[in-house]
Amino acid sequence: MPRTARDVVFVDGVRTPFGKAGPKGLYAETRADDMIVSVIRELLRRNPALPPERIGEVAVAATTQTGDQGLTIGRSAAILAGLPKSVPGYAIDRMCAGAMTAVTTTAGSIALGATDVAVAGGVEHMGHHPMGSGVDPNPRFVAERLVDPSALSMGATAENLHDRFPAITRARADAYALASQRKVAAAYAAGQIQPDLVPVAIRSAEAGYTGSMGWGLATADEPPRPDTTIEALAGLKTPFRPHGRVTAGNSAGLNDGATGCVIAAQDVAAELGLDARMRLIDFSFAGVDPEVMGIGPVPATEAVLARNDLTIDDIGLIEVNEAFAVQVLAFLDHFKIADDDPRVNPWGGAIALGHPLASSGVRLMIQLAREFAERPAVRYGLTTMCVGLGMGGTVLWENLHA
Amino acid sequence: MLENLPDRSDHGLDESVITSLFPEEVVTRALVRDVELPDGAGTMALITLDNGFDHTRPSTFGPAGLISLRDALDTVAGRTTPEAGEQRVVAVGVTGKPFIFAVGADLTGAALIRSRDEALTIARLGHSVFRRFGELSIPSFAFVNGAALGGGLELALHCSYRTISSGVPAVAFPECFLGLLPGWGGTYLLPHLIGPAKALKLIVENPLSQNRMLRGPDAFSLGIADAMFEPADFLAESLRWAARVLTGSETVTRVSPDEEWDSAVGGARFFADGKLHGAAPAVYRAIDLVAAARGRTRDEGFAAEDEGLADLLLSDELHAGLYAFDLTQKRARKAAGAPDKSLARPVTKVGVVGAGLMAAQIALLFARRLEVPVVLTDLDQARLDAGVGHVKAEIAKLASRGRISADAAARLTGLVSGSLTKDAFADADFVIEAVFEETSVKQQVFAEVEEVVRPDCVLATNTSSLSVTEMAAGLAHPERVVGFHFFNPVAMMPLVEVVRAARTDHPTLATALAVGKGLKKDCVLVKDSPAFVVNRLLTRFLGEVIASVDEGTGFEVAEHAPDPLGLPVTPFLLLQLVGPAVALHVAETLHAAYPDRFAVSPKLRALVEAGKTAVYGPDSEVDESVAAILAGGDRPSSAEQVRERALEALAEEIRLMLDEGVVSAPEDIDLCMILGAGWPFHLGGITPYLDHTGIAEKVTGTRFRL
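Protein sequence lines correspond, in order, to chains U and A.
Sequential numbering of the first sequence, starting at 2, is according to the numbering used here.
Sequential numbering of the second sequence, starting at 1497, is according to the numbering used here.
Excised from the complex, chain U in its bound form (with noise of 0.2 Å):
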């Protein structure tokens, strides 16, 4: 039977301010799962004119799915929002990548026609669970050679990427951070970052009881350095390699927090009256040597902008995901983009407001949305981002408020 795509729209997105993982950080006694359902609750009173019911499906990525993170979170999070217990739901994981993933699952299904309205997420509690906890690679990637050695080590793989640029020197990637933690405080000035934040509760108490207090409130990201100098980020140890190029500085964080969306198809959000903000035209998954995972941007957006008939040119706006910025220099570098071009990250990125890792996708769409409002001049953007194992993923969006 032929059947047509239906268009998918990005109704709304709302994520939890991001703590700093670790016993003192913001979400240090809070659950993963109350993060993301903290979430998911929020896109419900935000959007009144969506019935609960009326969601398909509910992806939530994490790249640990173990403990607060487990269970099947996407269904286990739809019942703890409570969400009708009709509302089906599922885990998904692509690493950093996951709360995209998550969005362009269920982006294909709707367009498919199998599901009218997801909410699509991720979330990462890199305090509960660190970078690689748990995991048991198979010692045929050393055997037989399949990954370089350095590939499972994120900050290696940047190290690597600057061994492949030598044009993107220290000195660069730091003028980069710097300028990210200014856009974000600059942004934060202007009020452009709070309005998509839901406040979380969060409670002091095992942090040794007497020095407990008690409970709180998560109002604003935690990560960021307004204050931070060139001089200081200069002077700040390169963990994964002497006299490498990678610091704590120049890279994104370890990082808690939750990020989610509603995600429709267009004729459904218009019968329902949701005010879609942007069209997602296209998407592209890339693979590339792992040990270079920083370069996955590249080949992915490639593939979309050709797939559309489109140049670098006619993309007004770039959400690039600041894991390392090596990584982000290098897209950059290769489509002739200038470090300060003020299309890219206009309100700064992860290496200011951290990295969450399954969460990060939603964070970029949720910026680019609201930067789409404040240039209706501008018809195309992209999400971006740099993925463990060597990859890339890329999502081409038209602006609706054009």
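By construction, these hints were calculated from the structure, which means they are not laboratory data.
One thing to keep in mind: the hints can contain errors.
Calculated cross-link-like contacts (lysine to any residue; reagent style SDA-like; alpha-carbon spacing at most 25 Å) [stated by the list, open to error]: (1) U:Lys86 with A:Pro1713; (2) U:Lys21 with A:Pro1713; (3) A:Lys1845 with A:Phe1821; (4) A:Lys1893 with A:Asp1919; (5) U:Lys86 with A:Asp1836; (6) U:Lys86 with A:Gly1663; (7) U:Lys25 with A:Gln1583; (8) A:Lys2013 with A:Ala1904; (9) A:Lys2016 with A:His2002; (10) U:Lys25 with A:Ala1906; (11) A:Lys2013 with A:Asp1836; (12) U:Lys86 with A:Ala1904; (13) U:Lys86 with A:Glu2144; (14) U:Lys86 with A:Ala1906; (15) U:Lys86 with A:Lys2016; (16) U:Lys25 with A:Glu1582; (17) U:Lys25 with U:Arg226; (18) U:Lys21 with U:Ala233; (19) U:Lys25 with A:Phe1595; (20) U:Lys86 with A:Gly1536; (21) U:Lys21 with A:Asp1530; (22) A:Lys2194 with A:Glu2144; (23) U:Lys86 with A:Ala1728; (24) U:Lys21 with A:Ala1728; (25) U:Lys86 with A:Pro1665; (26) U:Lys25 with A:Gly1548; (27) U:Lys86 with A:Gly1548.
Derived contacts from chain A toward chain U, CB cut-off under 8 Å, selection only [said to hold, decoys possible]: (28) Pro1534; (29) Thr1544; (30) Lys1694.
Everything numeric in this text was worked out from a predicted model, so none of it was measured.
C-beta atoms are modelled at their ideal positions from N, C-alpha and C, and glycine is treated no differently.
Take the given structure of chain U and dock chain A to it, following the hints.
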């Protein structure tokens, strides 16, 4: 900046004296954390009440906890004005650790108070700390995230605003249930907030109705909270709501409280009289305080509460209430003298001999609670069908009322079956008989059952007065016979007397106790002796009252002689509930065992012989023909004499029972009377009352509890 700092001279507080009263206090700390409110509403000082344990040990207020809260408020009070600069707070909030807001005063501490001065000091300390939540220059918010009982609820009431979680399982003032009153602001603030009628429902009616508690939505609809949020993100949503209230984008509207003070107070008095007949001073004191709250200022209202608390904290009724509460919370959970519970054998199928009303009630309970197959047997097909049909109809009723799901109903219905022969018991682990109360009948039943069951199948009897040892006498395995005595109605009454017969072995006892626990009943272990505990004491008590009628005391005098005790039912109403025939049967059994103490009343016998099943008619008036049977006699007593005689008889009987080893301690007697007869907390069951009135000493030469 120093505004709001408390004047501590007002109650002459000496902290060291107060905290030394209670060295073992589990201190609930007031943890303060600054919270940046959304919408630019400013900074709130959020206080978390946390005793450092999980929800199984709820936060309570003792002296050190109150002082911690006061210290927290001191720091907040210094930050309320613009001079505080960046440290300025625009509001104070208070919430609890997960699942618990706060459950009131620490009862362990309450029992340690020895002088009126100490009591008054504690009362005033609570007021002096709590009332500041309502008297700061900035608004205060209570975020009731979990159970809020007594002082916890009062703390919330002192705040300017309240939110409540729809998941809160318990909001209540249980004070009157125990013999206290909500005297840290409750009797003053609640009627002014929601009106006297609703307030008295919480303060008086609910505690006197099996200590009923409200859920979050009930409390919200009564107007106790200004907003309700779901538990998933309760605190975050409450804080956002508070921010909107502070910025003015949310307006709090409250329903105006009902103003029918006279009728509300009158209604509460009528209700209390119906339950207590003036017994238990706390309830009446609480009603008086609510009545007077109408015209009082806060200072006057709180001062009157202080006096009320000081009087009640030292009362015999409170001490009895705390004792009774402790029994039901602790001793009831683990029967004294129980064998090692690891000896218990699994029970995967249950047999019930008999298909009468009692048997059907028992079968339903086993099926519901143990969720194992239950087979009823009867020799008569029609009776069997009726019995099984009754169980299935009850299951259907539970489903139609929404108490259980359709799936659960189908499961239960499938578990219950009937059989004309006892082979159906072959693979049962526990068989209980509920047939006619006649030793020879029961012996025969057990003999038949023993032919088909495994040697380790427990044989239990629901007899209310017969000798379990005699029933087991002819069996090959008498060691597996145990008494398992329910009270009527089986589903409602929490007590099971587990009767140890002469040869009952430990695995059998352990299995019976484990089954009792599985049925969610409280078990008391008793020695095989005529009528065990509850029926023996009720029969003795009732026997004295009826004897006075036999002698010529007027029915009304005798019937209301025990009123000042505040027992749940009057003697002849109890007789009617038990059934005159059953009561006579138990009396005869006890008379046979103890002829000098248990008489068989000629008038009771006449009543039974006349076929009377009730004393009162449907119009609640005494049946005239019954009145005629009860009339006559030439040695009338006064009500006081009847009461004294009945109480003295109880004291004598209890002493004898303890000497005989029927139970291991007076605590078990009290537990049985509370759980099996519904005797009130303010009597402590009964032995605390017999002790503090001097009756125990007068009759037996010593107190039951030293």
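We went through each hint and held it up to the structure:
In summary, the hint linking U:Lys86 to A:Pro1713 is supported, as the alpha carbons are separated by about 22 Å, within the 25 Å threshold. Proposed proximity of U:Lys21 and A:Pro1713 is contradicted: the alpha carbons are some 37 Å apart, above 25 Å. Using a Cα cut-off of 25 Å, the hinted pair A:Lys1845 and A:Phe1821 is violated, with the two alpha carbons roughly 35 Å apart. Distance hint between A:Lys1893 and A:Asp1919 is unfulfilled; the C-alpha atoms sit about 30 Å from each other, more than 25 Å.
For the given pair, U:Lys86 sits about 44 Å from A:Asp1836 by alpha-carbon distance, which is inconsistent with the 25 Å threshold. The hinted pair formed by U:Lys86 and A:Gly1663 meets the criterion: a straight-line CA distance of about 19 Å does not exceed 25 Å. For the given pair, U:Lys25 sits about 23 Å from A:Gln1583 by alpha-carbon distance, which is consistent with the 25 Å threshold. A hinted pair counts as satisfied when its Cα atoms are at most 25 Å apart, and A:Lys2013 with A:Ala1904 qualifies at roughly 21 Å.
Between A:Lys2016 and A:His2002, the direct Cα distance comes to roughly 21 Å. Compliance with the 25 Å bound is thereby established for this hinted pair. For the given pair, U:Lys25 sits about 52 Å from A:Ala1906 by alpha-carbon distance, which is inconsistent with the 25 Å threshold. Under the criterion of a C-alpha separation no larger than 25 Å, the hint pairing A:Lys2013 with A:Asp1836 is consistent with the structure, at around 14 Å. Restraint check for U:Lys86 and A:Ala1904: the C-alpha separation of about 19 Å stays at or below 25 Å, so the hint holds.
A distance of roughly 62 Å separates the Cα atoms of U:Lys86 and A:Glu2144; the hinted pair therefore is violated under the 25 Å criterion. Under the criterion of a C-alpha separation no larger than 25 Å, the hint pairing U:Lys86 with A:Ala1906 is consistent with the structure, at around 22 Å. Between U:Lys86 and A:Lys2016 the CA atoms are separated by roughly 31 Å; this puts the pair beyond 25 Å, and the hint is violated. Of the pairs offered as hints, the one joining U:Lys25 and A:Glu1582 holds, with about 24 Å between alpha carbons and a cut-off of 25 Å not exceeded.
Proposed proximity of U:Lys25 and U:Arg226 is supported: the alpha carbons are some 16 Å apart, at most 25 Å. Of the pairs offered as hints, the one joining U:Lys21 and U:Ala233 holds, with about 19 Å between alpha carbons and a cut-off of 25 Å not exceeded. Only pairs whose Cα atoms come within 25 Å are accepted, and U:Lys25 paired with A:Phe1595 is accepted, the gap being roughly 24 Å. For the proposed pair U:Lys86 and A:Gly1536, the alpha carbon gap of about 37 Å is over 25 Å, so the pair is violated.
Proximity of U:Lys21 to A:Asp1530 is assessed by CA-CA distance (about 19 Å); at most 25 Å being required, the pair is judged to hold. Taking the CA atoms of A:Lys2194 and A:Glu2144, the gap is about 8 Å. The hint holds against a cut of 25 Å. Annotation: proposed proximity of U:Lys86 to A:Ala1728 holds, straight-line Cα distance about 16 Å (limit 25 Å). Using a Cα cut-off of 25 Å, the hinted pair U:Lys21 and A:Ala1728 holds, with the two alpha carbons roughly 23 Å apart.
Taking the CA atoms of U:Lys86 and A:Pro1665, the gap is about 23 Å. The hint holds against a cut of 25 Å. Proposed proximity of U:Lys25 and A:Gly1548 is supported: the alpha carbons are some 19 Å apart, at most 25 Å. Taking the CA atoms of U:Lys86 and A:Gly1548, the gap is near 35 Å; set against the 25 Å cutoff, the hint is violated. Proximity of A:Pro1534 to chain U holds as hinted, the smallest CB-CB distance being about 6 Å (cut-off 8 Å).
The criterion of a C-beta within 8 Å of any C-beta in chain U is met by A:Thr1544, whose closest approach is roughly 2 Å, and the hint holds. Below 8 Å, beta-carbon pairs count as interface contacts, and A:Lys1694 has none with chain U, the closest being about 29 Å; its hint is therefore violated.
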